[in-house]
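Enquirer: Sequence:
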Amino acid sequence: MCLAVAGASALLAIAAGGAHAHVVARHPAPDSATVPAGTGIHARLDIGRLSPRQEFTIAVLQDGDVIAGRSTQDGGTVSFTPDAPLPVGQYAVQVQTRSSEDAVVDAWSFTVPPAPDPAQGLGGSILLVAREQTRDAYLAEILRAEGFTGFDTVTPEQVTDDALAGHAVVLLGAGSATGPHVAALESWVRGGGDLIAMKPQGPLSQLAGLTATGETLADAYLAIDTSQPPGAGITAGPMQFHGDALVYEAAPTSRIVAALTADPQGPGALPAVTLTEVGTAGGRIAAFSYDLATSVMYTRQGDPARAGEENDALAPIRANDLFMGSDGEADYLDLSKIGIPQADEQMRLLSNVLIGLHADTSPLPRFWYLPHGEEAALVMTADDHGTWDGSARFFDRMLAASDPGCDVDAWECPRATTWLYPSTPLAADDARSYADAGFDIGVHVTTDCRDWTEASLDAAFVASVLDFRRRFPALPPQTGHRLHCIAYSDWLSLPAEQERWGMRLDMNYYHWPPDWVGEEPGYLTGSALPMRFSDVDGRMLNVFQQESHLVNETWLGSAVAIEGLIAAARDDRGYYGAFGTHFDFSDDFDRTLMEAALRLDVPMVSAQQLLEFTEGREASRFDSVVQTGAGDMSFDVRVDARVRGLLQGMLPLESGGLTLTSLTADGAPVDYEVRLVKGIRYAFFEAGDVHYEAAYR
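Heads up, the sequence shown stops at 697 in the numbering used here, and the numbers go up one at a time, no gaps.
Hints are computed from structural coordinates only; laboratory data are not their basis. Glycine is no exception: its CB is placed at the ideal position from the N, C-alpha and C atoms. The reader is advised that the hints may include incorrect statements.
Listed next, with one range per pair, are the computed distances between beta-carbon atoms [as the list claims (entries may be wrong)]:
1) 644 - 123: 15 to 25 Å
2) 251 - 557: 54 to 64 Å
3) 668 - 252: 46 to 56 Å
4) 563 - 658: 39 to 49 Å
5) 406 - 132: 42 to 52 Å
6) 99 - 70: 14 to 24 Å
7) 252 - 132: 30 to 40 Å
8) 556 - 266: 32 to 42 Å
9) 436 - 68: 33 to 43 Å
Kindly produce the complete structure, drawing on both the sequences and the hints.
Expert: What follows is the structure, encoded as structure tokens:
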């Protein structure tokens, strides 16, 4: 949607105090249909045309009713802060003069749509039991990141025999491990149901063959048994977990899939993940002694207890400070493990467990991480920093490297993002031309490399965004962002601020500083996957965290890290994902990235492209997954328009002792590629909006 006001929202110029006031930038953009409920409303007036005595206010109306809130003016910027988040609906905005007539200077409208509940799936054979206001809900984000969108989420109070009967596997969050509903789960497992439980307690832990010792182990390690499924294919060496693990003794009938250890190098003996057969009806329990949701969240976002600490002695406070220690305190990230995507690998262990348990009912299909089955992609993002023509020269090189007739939407053409200062020399017409060619252009908000408060951060966004929109009114609304100097003064305020401005991909977690992260390519956040931020109580923001893995200040123009991460994604390690980049045209790292990607045939995409694919993948689903006969199954696929032609489905090649012999789509044979992913062979196929039937013999 263009930011220029058109049609019924045409700019009004009304005489005010002897001068004409013109609104030159607005937020939200006129006619926007995806405005978050927590947004603020802002207007920038032409300061040069205003008298110092002129005062303005903003009124916001829904269905003719005035929304309660506070209107303020700071120079030529007028802002409105609602008293409460805006309900779903359409809103009219009026910028008025403060006079007896309340003359309207400008007017536009926008829409707040229903906000999706990130704790909910799209319905299917997996049942997630998540107690409200706990981190249980983050298990939903883990399922989506792993390509399982077909799940239902219920609270413990909603666990009934009927709810259980409609699902093949139950995933029980650690916050839901106790309560009256546990009796129904026990009965269901004894009757042949399959359960994955985080930190089971009481009778449920006994059913899983575990005896609690009353002890805990915090922020330690787990080592996975990779000699057999479900651990086959996962990283064998000890990996960190965060949070508390319950120390159990395992019965001889429980197989230890992963073991706890306090030694970052040595084997463990205490159960971290176990598999146990229950009763005679075929029920099974997979038990995690630690809370995977907490561990993944803290591995990715850092230690909330270190928020606001300056641990690297390099001002301002940055996201890397959440992973570092100072004054003798141990680092939160064990740097000997930085070369392992520890969060991703533990999520993939959960996926293997889920695939194995679901086979008792039917094979479980899922979606691959990237378009066309790609194992790696580079997210090309520049902080332009006011160069004369850095972004334009880089975009022109990408255009020259694009094959004739390539499809930008299909990730066939190299494309990139640039975040610019409002004062950039780039002309507005040139910016629009690059945007039309598929490049992503937005503002590089700055706090002048200073630590911020919530108030000063908001003021920086107001100033930077409105200045940028005044310069570039024809550019689409911005959806990704990285703050100048990557100042990160607490644990969650920056992504929360970005959410209010519609920026849903954050790239402020930065592989840096060089003398701390060392020379090994790696994963500060333990991940190469975009996933939503969450607060400590499990409330997810609609903002995806994407690490900037390849940073010019860290790698000093070398291609070693680029090649290393791509190799780790493509070789037997299987560290698949999207790798964020940072370059600012102060050196040749942009050329190094591009040359390596072209040489290795790796897609180069913008932050906007990664966000659209991620959201489209999450909005796609497998429907009506049913066993239709001995060894036969069917399912439908519903592909979101944003990923049509990009999405790869994955169907286990072996399931329940049988092997896939045929796959058809609306009756026609489907060509598929067999690939080994984390110890499991899958049939990869292009997922379309059709009905599939699979035969296993």
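Enquirer: All hints are to be evaluated individually against the structure, with a verdict given for each.
Expert: Checked hints:
1. 644 - 123: 15 to 25 Å: Roughly 21 Å apart at Cβ, these two residues keep to the hinted range, so it holds.
2. 251 - 557: 54 to 64 Å: holds (56 Å)
3. 668 - 252: 46 to 56 Å: Since the Cβ atoms of residue 668 and residue 252 sit about 50 Å apart, the hinted range of 46 to 56 Å holds.
4. 563 - 658: 39 to 49 Å: Roughly 40 Å apart at Cβ, these two residues keep to the hinted range, so it holds.
5. 406 - 132: 42 to 52 Å: holds (47 Å)
6. 99 - 70: 14 to 24 Å: Roughly 19 Å apart at Cβ, these two residues keep to the hinted range, so it holds.
7. 252 - 132: 30 to 40 Å: Hint holds: Cβ distance 38 Å, inside 30 to 40 Å.
8. 556 - 266: 32 to 42 Å: holds (35 Å)
9. 436 - 68: 33 to 43 Å: holds (41 Å)
Going down the numbered hints, you'll see the structure goes against none, and every one checks out.
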